[in-house]
Amino acid sequence: MSVKNIPPFERGEVGIFIIRGECPIHDHLLERNNVGRTVAEKIFDTHRVNNPFGDIHVIRLDAVFCHEITTPIAINDLIARGKDRVFSPSKLKVVIDHVSPAKDAKTALQGKILRDWARRHSIPDFFDIGRNGICHALFPEKGFVRPGYTIIMGDSHTCTHGAFGAFAAGVGTTDLEVGILKGVCAFHYPHSIKIIITGSLPEGVYAKDVILSIIGRIGVNGATNKIIEFTGPVVDAMSMEGRMTLCNMAVEAGATCGICYPDRTTVDYLWEFIQNDYGSPDEALDEFLKFLPDEDADYEEILEHDVSVLEPQVTFGYKPDQVTSAQNLSGTPVDQVYIGSCTNGRIEDLRIAARVLRGQRIKDTVRGIVSPATPKIFRQALEEGILQTFMDAGFCVTNPTCGACLGMSNGVLAEGEVCASTTNRNFNGRMGKGAMVHLMSPATAAATALAGHITSWVP
Amino acid sequence: MKQFSGPVLFLDRSDINTDEIIPARYLTENTREALQPFLLEDIVLEGFNPGTDIHAKSVIITRANFGCGSSREHAPWALETNGIHLVIAESFARIFKQNMFNCGMMAIELPAETLNEIFSTYAGTETHLITQLDKNHFILKNQNHTHTISFSLSGFNLALVVAGGWVEYADINY
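If you read the protein sequences in the order shown, they are chains A and B.
No gaps in the numbering here: position 330 of the first sequence is 330 in the working numbering, and each next residue is one more.
No gaps in the numbering here: position 7 of the second sequence is 1007 in the working numbering, and each next residue is one more.
These are calculated hints, taken from the structure and not from any lab test.
Given the structure is predicted, the values throughout are model-derived calculations rather than measurements.
Hints may contain errors.
To give an idea of the chain B side of the interface with chain A (calculated C-beta under 8 Å), a few residues [what the hints assert, rightly or not]: (1) L1027; (2) D1042; (3) V1044; (4) G1069; (5) S1071; (6) R1072; (7) A1093; (8) I1095; (9) Q1098; (10) N1102; (11) G1155; (12) D1171.
We put the beta carbon where it would ideally sit given N, CA and C, even for glycine.
Based on the provided sequences and hints, a complete structural model is requested.
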């Protein structure tokens, strides 16, 4: 995007500042006629409704996800406008996850507004208390995401679903409201960055360490208004859980969405949900591969990120790009260790943490809390003996919920306390006013719980 | 259409996130108005006191990447319930910026050099800003200085500001 030359400020009684155009008009369709397309460009081309203004692309939505924090105000607003309608009940996926079960009258009301609305419109996929889990773990697990899909939700970590080769973006309540009503959303042109993750992950280093190191490299503003395509041998070798961890934190670099290319791993994850639609997994893969980028696709930037010698990563300070190796913060005492969230509350995460903890007890100065992200994960962890391991180690096991991650319900910290956390944001006050959060992988969090201070796990 | 002129609040820091603008513990509110007392409660910014410094301000001028983090529209709402309908910054997080215009409010970008000069000339003084939308410029004033600063607004965002938001626009057009 071009930036006009900016003349220097002129001091004096009256100065004139010239600024760059806010949204240069690109005629992308003409400009790109013979140019290859990125994943997001292909998805936009198959979903575009129109371009009401030069740079604005209104796209059709395959799914609108809803939770109880950002949706009730949209529902109330639709009612107040006399527009209490939904564009397609089956394309709305609704869950109570942030505060579950309700902790007080206000959160009970949020749940009730959502529940009454889901019933009023006969929304088939509403996950109430008992069947609910963290949206970005539950909805993929239910098979609601497909390569090539367009998805919005009133939640910034909606970018997680790009792990399936979808375009999934967090939006505010007003965009959500229009999505619910009309099944469309407006976006600027989807410029993309490609990050090729090369090398191979050392033992004890995981997708969380990779994404923290990327955010540390490009910064919290490094991908604002852009889509990140994550590719390369390290991504190819990752499970869907690992890819979701990667894409989940794309927004911490400002990205609209993180995207991984669909492959056999994607098909195998989705197979139970799509087996009636395709003759074989190969046939499904053929279909999904049409969303791979063209070889001559146009990227704003292509970065190579070698992780061969990457060490376990930890944040310091209040921004997720303040990242260093766990080694550099080694010895920092912590009061609480939290393992869970839409970033790292999946079964693979719990297995890794349990492997670190097995047969040991956490330091008695530490409060350990683990929150499996969905009921399915909870049950798997129960059946695999993982919850037993956590409990034997001295952890408190909570029901699936966003919980401590944003200090909304359980696990809130007191002023001056420190938490080692597998979540995604270390913002000031995030887990409790005046507290400090260090983001890290489940392995590093578990090792830290045992030691009572930040330390990395040596397998 | 909303009012975009009035006294200016200067926030001299980049990357002010949505948790600082309105902490998650207040997201249990079901009305916009209930957010009013909590604007910028958790901000880390030396010399700024949310209890006294927000009062009667109508415009925020700040640095880069304002509104990063969560998608919560509670951030623009918390500004709106305090009478602040215009934020001027070097850049914004995508969702925050769209939320502002979706609410019929304005998030306007100015170059870093311009903001440097504005901060060095006006921050710490009683500054008043007048928005002239038809002329695409702001007039900044304090006791000793006056500057006219041009800005641009995309056709889409102008349409949202004039219409008062995205819901009405979309309901007519889609």
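Here's how the hints hold up against the structure:
no. : hint  : result
1   : L1027 : holds (5 Å)
2   : D1042 : holds (4 Å)
3   : V1044 : holds (5 Å)
4   : G1069 : holds (6 Å)
5   : S1071 : holds (4 Å)
6   : R1072 : holds (7 Å)
7   : A1093 : holds (6 Å)
8   : I1095 : holds (6 Å)
9   : Q1098 : holds (7 Å)
10  : N1102 : holds (4 Å)
11  : G1155 : holds (4 Å)
12  : D1171 : holds (7 Å)
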